[in-house]
Amino acid sequence: MNFEYAAAPESRSVVKIDPEYGHFINGKWVNGSSHFNSINPATEEVLSRIALGTAADVDAAVKAARNAFDKSWSKLSGRERGKYLFRIARIMQERAREFAVLETLDNGKPIRESRDVDVPLSAAHFFYHAGWADKLEYAGVDTTTAPHGVVGQIIPWNFPLLMLAWKVAPALATGNTVVLKPAETTSLTALLFAQVCQQAGLPDGVVNIVTGDGSTGSAIVSHPGIDKIAFTGSTEVGKLIARAVAPTNKSLTLELGGKGANIVFGDAAIDETVEGIVNGIFFNQGHVCCAGSRLILQENIADEVLEKLKRRMEKIRVGDPLDKNTDLGAINSGEQLAKIHELTAAGDAEGAGRWSPNCALPDKGFWFAPTIFTGVTQSHRIAREEIFGPVLSVLTFRTPAEAIEKANNTPFGLSAGIWSEKGSNILWASQQLRAGVIWANTFNKFDPASPFGGYKESGWGREGGRHGLSAYLKGSAK
Amino acid sequence: MSFYGLVDGSDASLRNYLKQLPGVDQVGAEARAAMLATRSIKTTSKAWAIDTAIAMVDLTTLEGADTPGKVQALCAKAFRPDPTDSSVPHVGAVCVYNDMVGIARQHLDAIGAHELPVAAVSTAFPSGRASMAVKLQDTKDAIDAGAAEIDMVIDRGAFLSGRLIEVFQEIVAIREVCGDQAHLKVILETGELVTLDNVRKASYLAMLAGAHFIKTSTGKVAPAATAPVVLVMLEAVRDFYDLTKVRIGVKPAGGIRTTKDAIKQLVLVNETAGPEWLNPSLFRIGASALLNDLLMQRMKMSDGYYASPNYVTID
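First to last, the protein sequences are chains V and D. Counting from 1, one number per residue, gives the positions in the first sequence under the working numbering. Counting from 479, one number per residue, gives the positions in the second sequence under the working numbering.
Simulated from the structure, these hints should not be mistaken for laboratory data. Any given hint could be a false lead.
[Stated by the list, open to error] Derived PhoX-like pairs: lysine-lysine, alpha-carbon spacing no greater than 20 Å straight-line:
#1 V:Lys-71 x V:Lys-28
#2 V:Lys-324 x D:Lys-497
#3 D:Lys-520 x V:Lys-315
#4 V:Lys-83 x V:Lys-16
#5 V:Lys-456 x V:Lys-406
#6 V:Lys-324 x D:Lys-738
[Unchecked claim] Covered by chain V, per the in silico footprint, the following chain D stretches (three or more residues, Cβ under 8 Å):
#7 489–495
#8 504–510
#9 514–522
#10 636–644
Being a predicted model, the structure only gives us computed values, none of them experimental. We put the CB at the ideal spot given by N, CA and C, even for glycine.
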């Protein structure tokens, strides 16, 4: 018998999308000089027209942020700042469905993930940092409790609202004001967040949102009135930003790419490991900087794990992101889809074995079936470069030392996973791995209290937790 | 003796076999079960799931106060769950205590429900605390009275204290009594086994010993058929099929009271063991109150509104 799940789409009537948006500067909506289309990547339907921020727009935003910092925000006590953050967090919870549906429309991720992960975690980040606002002296950070001033923040398209929360919440809790640029393809939830700031009565100019593309981001990075830059995105752009910021007084934190190793030892709990592998690489279509994109299997269980993984992948439901039963949504843009095609073609050309389950992909929009490559070696491009899509490269190892060697043999160092039923094994491996985040018997788990960030080319600094607070406070004085 | 060629019936071989099974990570299993519980089953798929679930119900009464009249009423309900609507399928079986088996069988035959099996709980249900001779006789009595399915309990005391071979031999002996006449369901009483590692071990032990079905619970102990427990048991029958090409059935029992609960079970089956198990011959739900909720939801699907509970029969 076949149990076909009927379509169960979440209603989009809860969101109202304007045909055109401006920038949010000094608490007001400011018209843009030119606009570009923002589309739903699942259907290619044009959702809205987004303003392309110019250097003048950025300048106006920085002036507003500076003014707000000098006149209002820096004069408030931590307790007062905290009240605003609590208010924002509560409004985000109240409007959770609106945020989730809008995020799914704009980004292409399944509603199950925007509803159960992105939005609740975003609110949690505001709650967490709201609590710190009046307790910074007790955070145990090796910095002063003085804010930088105006912070320029540039965020990616993979978790639009969540990355905004990771950036804005600690900045405001520590007393900074913000000029934020969402990613070109995913501006809508940031613009809804601007409405939340208004609803919360946040003083004008404390949060400014300028939409646009790389040129807008570049104007933020090079603006002399900004004291600190926080960027999440590709390592390539991160390097450009580091170069641009190097000769200035600006502080900088970078959260960049990754090629996370997910190491499975022979004694792992196999069924839960398979779930963890799936969650590690297919969560959010693999558009996750800390994705477990390299599966490193101990050879004595490799066949069994792969067989179970394939069977599990056949159950992955690909399709309409608004359907509550969808597991894998749309690739965020045609550009990203082309990159995934290019790298997977390189995998074929270099002799790795490609496998995907039978799954029908929609005709319109940007789609890529969940895919694994077996027989991958360290020298393959698909083992070295970040694909940022639902594509898993599978390698094997014989001894634990070999697993660690392979895992660390990458310019990245953001995340790693260890699967083993043996505690001593987990502790040993976690000490050898050069990665900022290491999960044991789980993957892609996030919490505002837990610092997140990378080694090597995966980034500078940490976000979240007490470590993340210090990035928004002025240099060491204690 | 050879049990699927996997163990030879000795204590050592059984012990070694169960020891090499991979562990279950409880956090991961709970997360997977919770994720599957978010599946949204609507419209046509819901209608299909309700009828499928009705056909899988082992309609049960296991009370000290059971009377012949109550059992006969249960049989009538099992055969025609909704007397006003003949499109409702009959349930999977009627499940009663040993002494009610004959009454149930006679009444089912009298109303023309010849194909509807009677299941008897056996082996000193629910505690399993009796001598082997009593357990064997208990089972034989039930089969003689017309039971086509035997729901036996395992000796949890023996399992938990590590006397696995005793549990194994007991199941083997009961299976011998069942012969070709009755299907054997082995109740693990997972609420007393506590850990998911134990659930996996006990599932394999029962399957190796010849169970046709593995069943979660007696319904007398809480927690009973929780989603992570059923998940682990479904993984066990799936993997056992890979090893042996024999499909063992699964029966969650206890605590499944609403249509929503039942549909969650079907989703677990569909995405774990696979659609082959979505069949009353391989999946049953032990329940009593569940059937009326399924009937009410079924009426709601066809009529578009919730009727008063007075429109479904109480027994």
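Comparing the hints with the structure gives:
1. V:Lys-71 x V:Lys-28: 17 Å, holds
2. V:Lys-324 x D:Lys-497: Violated: V:Lys-324 and D:Lys-497 sit about 40 Å apart, past 20 Å.
3. D:Lys-520 x V:Lys-315: Holds. D:Lys-520 to V:Lys-315 sits at ~19 Å (cutoff 20 Å).
4. V:Lys-83 x V:Lys-16: Violated, because 28 Å separates the two Cα atoms, which is more than 20 Å.
5. V:Lys-456 x V:Lys-406: 16 Å, holds
6. V:Lys-324 x D:Lys-738: With Cα atoms ~16 Å apart, V:Lys-324 and D:Lys-738 stay inside 20 Å; holds.
7. 489–495: Contact hint for the region 489–495 of chain D vs chain V: violated, 0 residues under 8 Å.
8. 504–510: Satisfied; 5 residues make the cut.
9. 514–522: Since three or more residues must qualify, the claim that chain V covers the region 514–522 of chain D holds, with 7 doing so at under 8 Å.
10. 636–644: The restraint on the region 636–644 of chain D is violated, since only 0 of its residues have a Cβ under 8 Å from chain V and three are required.
Of the hints listed earlier, those the structure fails to meet are numbers 2, 4, 7 and 10, in rising order.
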